[in-house]
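Undergrad: Sequence:
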Amino acid sequence: MLWLNQTWFRHTVILAFIVASITIEMCFYRKVFKSTAERDVLEHVHHTGAGPLQLKGHHIVAGDEGYTTGVYYSDWSPYPPRKHFPHDIDLSKVSHVYYAFFLVDGNTGQLKSSDEWSDFQMDLYKPLAVKLNELNGDKMDVDLSMGLLPKGCVGELFYLRHTGILDKNRARHFKVVMAVGGWSNREEFPKMVRDPRRVDAFITSCVDTMFKYGFDGIDLDWEFPQNDGFEPQMYLEMARRLRLRFDQLEQDIFAGESNHPKFHLSIATPAFRDKMNVLPIREMNRYVDVWNMMTYDYHGEWSDRTGYHCNLYNGKNGKVSAQYKHGATSGGTVEGLDANSAIYDMINLFGVDSRKISLGMAAYGRGFTHVKTEGNDKSFIGKKFNGVGGASEGEPGMWLYNQLPIKGSQEQYDADYVSAFCFDSKSRTFVGYDNVDSVQVKADYVKEMQLGGGFWWESCGDNHKDPERSLLNAFTGELQTILKPTDSIYHRPETLRYYLEKYGIDSYLSPFIGHLLSKNRR
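Residue numbers for the sequence shown follow UniProt numbering, beginning at 1 and rising by one.
In short, the hints are calculated from the structure, not lab data.
Predicted model only: the values in this text are computed from it and were never measured.
Errors might be hidden in some of the hints.
[Said to hold, decoys possible] Simulated pairs of lysine-lysine, DSS-like, Cα-Cα distance not exceeding 27 Å:
{"no.": "1", "residue 1": "Lys378", "residue 2": "Lys407"}
{"no.": "2", "residue 1": "Lys83", "residue 2": "Lys93"}
{"no.": "3", "residue 1": "Lys426", "residue 2": "Lys93"}
{"no.": "4", "residue 1": "Lys275", "residue 2": "Lys191"}
{"no.": "5", "residue 1": "Lys447", "residue 2": "Lys93"}
{"no.": "6", "residue 1": "Lys131", "residue 2": "Lys83"}
{"no.": "7", "residue 1": "Lys356", "residue 2": "Lys83"}
{"no.": "8", "residue 1": "Lys465", "residue 2": "Lys502"}
{"no.": "9", "residue 1": "Lys465", "residue 2": "Lys212"}
{"no.": "10", "residue 1": "Lys407", "residue 2": "Lys384"}
{"no.": "11", "residue 1": "Lys502", "residue 2": "Lys212"}
{"no.": "12", "residue 1": "Lys465", "residue 2": "Lys151"}
{"no.": "13", "residue 1": "Lys465", "residue 2": "Lys383"}
{"no.": "14", "residue 1": "Lys83", "residue 2": "Lys126"}
{"no.": "15", "residue 1": "Lys383", "residue 2": "Lys93"}
{"no.": "16", "residue 1": "Lys383", "residue 2": "Lys426"}
{"no.": "17", "residue 1": "Lys407", "residue 2": "Lys372"}
{"no.": "18", "residue 1": "Lys212", "residue 2": "Lys262"}
{"no.": "19", "residue 1": "Lys372", "residue 2": "Lys356"}
{"no.": "20", "residue 1": "Lys191", "residue 2": "Lys112"}
{"no.": "21", "residue 1": "Lys112", "residue 2": "Lys212"}
{"no.": "22", "residue 1": "Lys262", "residue 2": "Lys112"}
{"no.": "23", "residue 1": "Lys407", "residue 2": "Lys426"}
{"no.": "24", "residue 1": "Lys384", "residue 2": "Lys426"}
{"no.": "25", "residue 1": "Lys93", "residue 2": "Lys262"}
{"no.": "26", "residue 1": "Lys407", "residue 2": "Lys383"}
{"no.": "27", "residue 1": "Lys83", "residue 2": "Lys151"}
{"no.": "28", "residue 1": "Lys407", "residue 2": "Lys275"}
{"no.": "29", "residue 1": "Lys131", "residue 2": "Lys93"}
{"no.": "30", "residue 1": "Lys212", "residue 2": "Lys151"}
{"no.": "31", "residue 1": "Lys356", "residue 2": "Lys262"}
{"no.": "32", "residue 1": "Lys126", "residue 2": "Lys465"}
{"no.": "33", "residue 1": "Lys383", "residue 2": "Lys275"}
{"no.": "34", "residue 1": "Lys131", "residue 2": "Lys465"}
{"no.": "35", "residue 1": "Lys83", "residue 2": "Lys519"}
{"no.": "36", "residue 1": "Lys151", "residue 2": "Lys126"}
{"no.": "37", "residue 1": "Lys275", "residue 2": "Lys356"}
{"no.": "38", "residue 1": "Lys262", "residue 2": "Lys502"}
{"no.": "39", "residue 1": "Lys378", "residue 2": "Lys356"}
{"no.": "40", "residue 1": "Lys126", "residue 2": "Lys383"}
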């Protein structure tokens, strides 16, 4: 019996060793196979469009004659309860409209609309006619009366860049940029980048969709590449190949002319260090026009304790100084959950020209309910809470700026953090957000740090009915000078003619473009 037990034990050990060896080998093979496959993808995409990338005089640094002001416009904005249309934006104060979102199909690499009705089919003729009549009395736009307005929010934005009725204060001089991805689309990028055919399809689809629907460029919003050595490299390759395709398209349109408008490429950029460190920012910077820093969402329902979500400072830095600006001090708190730390890192750690950086601001607040305070405690930061509340459907803990301050509270301003807040003592609800005071300070910060400008997520949250409460008004009023693009690529007849040559007379914008060309010939 003892001999049998010893034999059984030896066989068991041998079998276990064999199983373990096979398992280890399979894991190693899988790892090697995955690494080899990813390397093959990188080799393919890097050599697609072989030859060194020539930037052909592309101006990647903003000029010194003002600051950019951008707003993200989402295609869910027209629906109740927001009911916010493109023509509600004061375009005389805006240089860039980022249209969100077009989505990546991870299984094919193709780009698709996230809402075709809102993007291309919604008839905005009546609300726009009412708006223009309010602005201009009895003066009616001839193009509108002829029924030439392309449908959908995309069509209206294209129209608004060409109508003379908004020419006051150069209102029609703004760029419309196609935002690709977003938080809800984050899982599709990793699937797409691991197949070289899908990457090819993605690049082609991006450029074709951009041009077909009249966008001035692309804003990439991948939230966020994993720190695996592959996804960050693929993000770099996406930027490189898009810039190459932009140059090729410009060559086709302008036939060798050197002094022509350029297509825009920006990155919606994470604004906290652990995500920023993953990105090959120095390498990507060669191909990118603007880094839109998402300096918001620092605290929210995911947090352990309360905090401001769009604060400029960490509460200790105070006003920006020349010493800090030139990198003699460290960046913010250990966590770096403030805009100032992110801007510092971009300039001093990653070597980005400050004029290519756009400061993100929030047209919404994030809050917490049942906040645990003691006595007459007036500080609501770093407190425990139970719940987040909110007044924005589908977004726990979120209120649009035009819904604030909440009922039963008064708006207050924290100069140490540069953030507004309100607190309802009955429900013990605390909400942090940007207000007129904070964005005016941020405008001064943009000037002091010599940044390119600022932008908002998202336009529908601003107060467009009360000029005194408008974040856009407050920010631009403090900046004083807005860098408006005077020569949109779609204001050039060469672009319009090339559009008709490429897509014919039956494409989305073709009837209106044909009308514009006929007007130019008169």
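Undergrad: Each of the hints needs a verdict: does it hold here or not?
TA: Right, here's what the structure says about each hint:
1. Between lysine 378 and lysine 407 the alpha-carbon distance is near 18 Å, which keeps this suggested pair within the 27 Å criterion.
2. Our distance criterion of 27 Å between C-alpha atoms is met by lysine 83 and lysine 93, whose separation comes to about 21 Å.
3. Proposed proximity of lysine 426 and lysine 93 is contradicted: the alpha carbons are some 39 Å apart, above 27 Å.
4. Restraint check: the Cα-Cα separation between lysine 275 and lysine 191 comes to about 20 Å, which is no more than 27 Å; the hinted pair holds.
5. Under the criterion of a C-alpha separation no larger than 27 Å, the hint pairing lysine 447 with lysine 93 is consistent with the structure, at around 17 Å.
6. For the hint linking lysine 131 to lysine 83, the alpha-carbon distance of about 14 Å falls within 27 Å, and the restraint holds.
7. For the suggested pair lysine 356 and lysine 83, the alpha carbons sit about 33 Å apart, so the restraint of at most 27 Å is broken.
8. Straight-line distance between C-alpha atoms of lysine 465 and lysine 502 comes to about 42 Å, which puts the hinted pair past the 27 Å bound.
9. Under the criterion of a C-alpha separation no larger than 27 Å, the hint pairing lysine 465 with lysine 212 is inconsistent with the structure, at around 33 Å.
10. Annotation: proposed proximity of lysine 407 to lysine 384 holds, straight-line Cα distance about 22 Å (limit 27 Å).
11. Pair hint lysine 502 plus lysine 212 holds up; C-alpha atoms about 9 Å apart against a cutoff of 27 Å.
12. With a C-alpha separation of about 25 Å, the suggested pairing of lysine 465 with lysine 151 holds against the 27 Å cut-off.
13. Taking the CA atoms of lysine 465 and lysine 383, the gap is near 35 Å; set against the 27 Å cutoff, the hint is violated.
14. With a CA separation close to 14 Å, the supplied pair lysine 83 and lysine 126 stays within the 27 Å bound.
15. Our distance criterion of 27 Å between C-alpha atoms is broken by lysine 383 and lysine 93, whose separation comes to about 38 Å.
16. Note on lysine 383 and lysine 426: the hinted pairing holds, with a Cα-Cα distance of about 17 Å set against a maximum of 27 Å.
17. A distance of roughly 20 Å separates the Cα atoms of lysine 407 and lysine 372; the hinted pair therefore holds under the 27 Å criterion.
18. A distance of roughly 16 Å separates the Cα atoms of lysine 212 and lysine 262; the hinted pair therefore holds under the 27 Å criterion.
19. For the hint linking lysine 372 to lysine 356, the alpha-carbon distance of about 41 Å lies beyond 27 Å, and the restraint is violated.
20. Note on lysine 191 and lysine 112: the hinted pairing holds, with a Cα-Cα distance of about 16 Å set against a maximum of 27 Å.
21. Of the pairs offered as hints, the one joining lysine 112 and lysine 212 holds, with about 13 Å between alpha carbons and a cut-off of 27 Å not exceeded.
22. Using a Cα cut-off of 27 Å, the hinted pair lysine 262 and lysine 112 holds, with the two alpha carbons roughly 24 Å apart.
23. Between lysine 407 and lysine 426 the alpha-carbon distance is near 10 Å, which keeps this suggested pair within the 27 Å criterion.
24. This hinted pair checks out: lysine 384 and lysine 426 have alpha carbons roughly 16 Å apart, not beyond 27 Å.
25. Of the supplied pair hints, the one linking lysine 93 and lysine 262 holds, its CA atoms being roughly 21 Å apart against a limit of 27 Å.
26. With a CA separation close to 22 Å, the supplied pair lysine 407 and lysine 383 stays within the 27 Å bound.
27. Taken as a hint, the lysine 83 and lysine 151 pair is honoured in the structure, with Cα atoms around 17 Å apart against an allowance of 27 Å.
28. A C-alpha spacing of about 36 Å is found between lysine 407 and lysine 275, which places the hinted pair above 27 Å, so the restraint is violated.
29. For the hint linking lysine 131 to lysine 93, the alpha-carbon distance of about 17 Å falls within 27 Å, and the restraint holds.
30. At roughly 14 Å between alpha-carbon atoms, lysine 212 and lysine 151 fall within 27 Å of each other, so this suggested pair holds.
31. Distance hint between lysine 356 and lysine 262 is fulfilled; the C-alpha atoms sit about 15 Å from each other, no more than 27 Å.
32. As the CA atoms of lysine 126 and lysine 465 are separated by approximately 19 Å, the hinted pair is consistent with the 27 Å bound.
33. Between the alpha carbons of lysine 383 and lysine 275 the distance comes to roughly 25 Å, so the proposed pair stays at or under 27 Å and holds.
34. Restraint check for lysine 131 and lysine 465: satisfied, since their Cα atoms lie roughly 13 Å apart, inside the 27 Å limit.
35. Proposed proximity of lysine 83 and lysine 519 is contradicted: the alpha carbons are some 33 Å apart, above 27 Å.
36. For a cut-off of 27 Å, the pair hint linking lysine 151 to lysine 126 stands: about 12 Å separates their Cα positions.
37. At most 27 Å may separate the alpha-carbon atoms for a hinted pair to count; lysine 275 and lysine 356 meet this at roughly 19 Å.
38. Distance restraint check for lysine 262 and lysine 502: the Cα-Cα separation of roughly 19 Å lies within the 27 Å cut-off, and the hinted pair is therefore satisfied.
39. Our distance criterion of 27 Å between C-alpha atoms is broken by lysine 378 and lysine 356, whose separation comes to about 38 Å.
40. Under the criterion of a C-alpha separation no larger than 27 Å, the hint pairing lysine 126 with lysine 383 is inconsistent with the structure, at around 49 Å.
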